[in-house]
Amino acid sequence: MEILVCIRRVPDTSENEIELNAQGNDIERDELVYSVNEPDNYAVEEALQIRDRVGGSVTVVTVGNEEDDEILRRELAMGANQAVLLSDEGFDGSDGRGIATILKNFVQQGHYDLILTGVQADDGAAQVGGMLAAMLDYPFASLVNSITVEDGMLKVSREIEGGNREINEIELPCVLSIQTGINEPRYVGMRGIRQVASVPIPRIGAPDLGVEKSGVGQTAAKIRRVDYFVPVQGKGAEILHGSREENADRVLELVAANGGLK
Amino acid sequence: MTGRIFACIAHRGGVVDDSALELLAAAKEIDATASLTAIAVGVGSNLDAACSSLQVSYQEVWKIANEALAYPNAELVRQALVRVLPANCTVLMPQDHFGIDLAPGLSIKLNAAFVPDAVAIDGVEGNSLKLVRQEFSGQVSAHVACDLSSGAVINIRPGAFKPETVVPIAGVVVDKSAGVGALSAKRRYVETMVAEASDVDITKHSVLVSIGRGIQEKDNVSLADELAEVLGAAVSCSRPVADAKWLDKSRQVGSSGKTVKPKLYLACGISGAFQHLAGIKGSPLLIAINKNPKAPIFQVADVGIVDDLLEFLPLLTEKARELRGVAAR
Amino acid sequence: MVGTLSASQSADWIVSGRNLFLAIHALGITAFFYIVARRLMPLLHAQSDPRFDQPAKRIGKVLQFWLGQWKHPRYKFAGVMHILIFAGFILLALRAFSLLIVGVSPDFVMPGFSSKTGHIYDFVTDYAATVVFLCMVVAAARRIVFKPARYAVPARFGKSHTADAVFLLGLIALLMVADSAYAASHTVQLMRRGLPSEPLGFLSLAWVLQVAFGKMSLPTLSGLVASAYLTHEIAFYFLLCYRPFGIQFHVETSLFSVYFAKLTRGTVKPARWDVPDDRLDQVKSLGVKTFEDFTWKHMLDFYSCADCGRCADNCPSNAVGRPLAPRFLTIKARDYAFQRYPVFGKSHSGIALVGNVYSEDEIWSCTTCGACEEECPLLVEYIDKIVDLRRGLIDDGNVPQSLQKPLKALESRGNPYGKMEKKRAGWTKSPELQNSAKVKVLDGRDDADTLYFVDSITSYDDRMQSIGRATARILSEVGTNFGILGAGEKDSGHEVRRFGEEMLFAALRDHNTEAIKESGVERIVTADPHAYNALKHDYKDLPPVEHISQVIAREVKSGNLQLSPVADENKVYAYHDPCYLGRHNQVYDDPRTVLDAIPGLKRVEMTRSRDRSFCCGGGGLMLFYEPKEEERMGVVRVRMAAESGANVIVTACPFCMANIEDAIKVAGLEGKMSVIDLAELVDQQMIRAACPEELEVAICGGQ
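Residue numbers (our numbering), protein chains in the order written: chain A, 1 to 262; chain B, 263 to 591; chain C, 592 to 1294.
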């Protein structure tokens, strides 16, 4: 099975403190540590496991620039067969639809049975997978937490509320967005990354993809982020400022008044 | 100009989801004057019952009945919607597992803009809708401008828009089923596997001691167990704790876990990601304990304590035991 | 007998049996060499391991540990028994050889052992054989009746080894009896014929048998002599050829396992001895994944295990019910080698060890405390093998999820918590420190002659920062011109290396080495034994490294540092030896000197202390690992402290502090037991010579 996984490089939220920069128009990026978006990493691991079960190959792709080389290489070290970087000045400032358009053009140049993305990235949008599928007219399923390969199709379960799982059958080729926890991603060590240090990663721009500049990039974007801000706390919580003992007493007062300690 | 505003309503067993009124509130904030229509898809008496309850709050309710839509398969629902929706309209739905499944593809087929997970509406300026989203797990907010010229699909964060008290109106149910025709998709719903019931049903407890990543390791879960025992509460958790298998998945509160309606909710070491908060209904007294004073939970909690839960919980437990007259074990 | 009276004087049986004896010799010797050659086969295909250096030192080890049986008395009863058996074997060797040769060459007398020497030798060895025989009886009784716990085989590791052990004990006993019976019957025969004979050792086994045989007729005696001889020869060769099939192989291999033993302490072998670090990327596979990936010395270790169980008996992982027991790490590998490289039959190579012989949890459970290596009388190595196995797992990406996050954080941020580099020196800015010591950051604008290497846990953990502050105040007080690397410091990488991530360790080591060199310091002090061990052994070309306890001890002895008396008379202190300060680096006395220098301090020793100290649970990455265990090592240790009568545990390692503090709570001993770091205690008790404001050192802002 030919599998394509669309990945993205994001600031590592658990290792960074996200703060506004001095100007107030973006987050402070100077000391951020970046890595592969966690759901995307689960998607790559899932792709590798499927490939190891039924054969085929796994390609990872991202829309970005040379900074994204490190995440493509990390997934190669993890076991992907090849990596591709879709990069062009004209792609900058694309919104979700723009990214999906670029990916669509790439997909149509190749032949992929299965396309995976992580369910969402640091912006919580959860959109590219569904958009890509609609553009390609492939069936789509989001929040996938298990995949079984059957004849010419997949049986997937989706994570819905209450811990329940919605089981679907989906024909190939299709697009799936993968939820964290679907598997246990293998570890990628420094040695693995060094070993793929010289593997060539082709870089494809707009003309080779047949992407119309008017369809992507800043100008085509229908959604534009104006600025970042930290909302004024407003109502928020009543923060207790006493000593630990005093705070504990107050909490127990509230507990007793609201149904606890019975 | 927003054009017509449509709200996609989920329903089960004839009962309409809470999000219906939230969408209504959001729609009013977008454009209080625009014509607002609820859309419900399904089949049979359940659909009829849903439409009946909707027409009490929405001026117009479009009913789409189709055998294929007995279960709301997003692929089929999208087909149906595309066939009945007018051009350049605005479509609202909640950012939940169904909205995530449906909305992005729908926006492409409608050739409309798509805004995911909106938490606040600032207003419309000409062709531009100004909204607020959050990024980086809620650590930072962003003002976003959405181009409405060819319509928009907007997903609303559950719980972000408080439904106002509704004055019942006499809405109209319009049957749009005919306009849909035959539906087919390359994805077929098979069944729903219900999560295994465990011995503790957190949805039945009125006091919950809930733990998040801040508990740091599996061995510390006992701190919560001990506190819950003396308070007469149950222990629940956020997603990271269930993913790490420190607690069974049945204890997870959130959009992909259980929905709880306690009277009192102690959020310990929980950052406050909206997916977790989405599982807390009924406006309990929310007390948050977190080491990080900037944790988003403090924006939604009623009472906040900035402290190390690994120190605070044992103290609470000790004092609670004294109050109950139980000797420390 | 070795002595003057050769067997030829009653030689008829020898002449008639000569061909038989010769045939047995030929068969036995050939078989033995064939078996040993087959056993050596896998070693020829193993990884290289340079063990041929420093012969003088190695011979010294042989004298101390092989001949001197240095480690055996650690278990008194069994140890003394073994010393007796070993001494007996050594003494009896010549006698046995002589006896064997006599069957083929009846006039043979061992050169140098004619007349008086021979008499004395025979006399002594009569007793040696007796002692060995009695030891066999006692040993068998121990095995069958008393069943010491460390010999037990847990169900998951297979069947009990008792039957095999008793069988071997029986064979040796038989050998002794045959030897003594020969001596006895031959002597009686000589006496009966009126020929000169040597007196047998009074009350020795031979003597007893002589009395028993005294009245027998000559033909019977003849038969006895012959059958005793035959029994001896067959038993000897049977044992010789049987030993390489089990734990008794250690009789042959122990000399080599001790000679080739590791000469250094606290170190970890390089990933590949035959590949320099900078070429490791090009190696296809790193670490031990199949049996053949072990070095020849490690394979020799598997053969050399005597199944005594002392390692597992002292292993903290085993004690708390983790899947790891060092003894079985070895026994399973040995059984695997016997099975895949059989003496008779085809060899098979190449199946994965983890999953077939070992479980992953077994390999990750080890805290590298070194108790096993400290105990093993044959100097079998364990830590290097575990690290090599972990390297293999890492190479395959097979790492527990709980360890992946801290490893990734170490790679991107230089500390396992994922905290920002610029906050590494944050602890120096605390108000508690401002008034008592100012800590320089050696970032180019400022310098000092001493580096205080803080390492990650002390820098970032709220609780452990207090150890950092205490250490800084102590160093200030004794007038040390010191500074820290601050944001330029990365994790020492000690556990990164021991968890198998060799490349990441190398990156951390190279970064820190450069930073240290650039700072121009002449010595390094640390309060973290893991950092101490890393800087001392894993890093190269650094200025000398000391642990803070060594610094304090020196200052206390010279009188430069004065300590005030204890305030609370009811406190009883027990010092817990951290594994990487104590066992691995043998710093046992300095911390105790410091404690004893505090007037009025009541100190007790736990039963398990010094090189028998019990690991607190492990440090570094081990704090993130989620083991399957029945209880925590820290809890076991805290109970040991309580049993010794202490109510305060003193430790000198931030990881011990973390584990023990936690364990006190889990054990429900809060209020009854407390723990304090040595530096914190000294900081509390030290009498300050100068007012804080007069301290010279200036702050140079961090990065």
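No lab work stands behind these hints, which were simulated from the structure alone.
Fair warning: there could be bad hints in the mix.
List time: in silico DSSO-like cross-link candidates among lysine-lysine, alpha-carbon distance up to 30 Å [to be verified]:
id, chain 1, residue 1, chain 2, residue 2
1, C, 937, B, 507
2, C, 750, C, 937
3, C, 1256, B, 581
If you want the ones that stay clear, here's a sample from chain A, every Cβ over 12 Å from chain C, calculated [stated by the list, open to error]:
id, residue
4, 17
5, 79
6, 146
7, 165
8, 192
9, 219
10, 245
Backbone N, C-alpha and C fix where the C-beta goes; we use that ideal spot for every residue, glycine too.
Okay, the hints, checked on the actual structure:
For the hint linking residue 937 of chain C to residue 507 of chain B, the alpha-carbon distance of about 46 Å lies beyond 30 Å, and the restraint is violated. The hinted pair formed by residue 750 of chain C and residue 937 of chain C meets the criterion: a straight-line CA distance of about 26 Å does not exceed 30 Å. Restraint check for residue 1256 of chain C and residue 581 of chain B: satisfied, since their Cα atoms lie roughly 16 Å apart, inside the 30 Å limit. With a least beta-carbon separation of about 7 Å from chain C, residue 17 of chain A fails to lie farther than 12 Å from that chain, contradicting its non-interface assignment.
A cut-off of 12 Å between C-beta atoms contradicts the statement that residue 79 of chain A is not in contact with chain C; the least separation is 8 Å. For residue 146 of chain A, the shortest C-beta to C-beta distance to chain C comes to about 18 Å, beyond the 12 Å cut-off, and the non-interface label holds. For residue 165 of chain A, the non-interface assignment is confirmed: its Cβ lies about 22 Å from the closest Cβ of chain C, beyond the 12 Å cut-off. Remark: the non-interface label on residue 192 of chain A conflicts with the geometry, its nearest Cβ contact in chain C lying 7 Å away (cut-off 12 Å).
Residue-level check passed: residue 219 of chain A sits 35 Å from the nearest beta carbon of chain C, beyond 12 Å. With a cut of 12 Å on Cβ distances, residue 245 of chain A stays outside the contact zone with chain C, its closest approach being about 16 Å.
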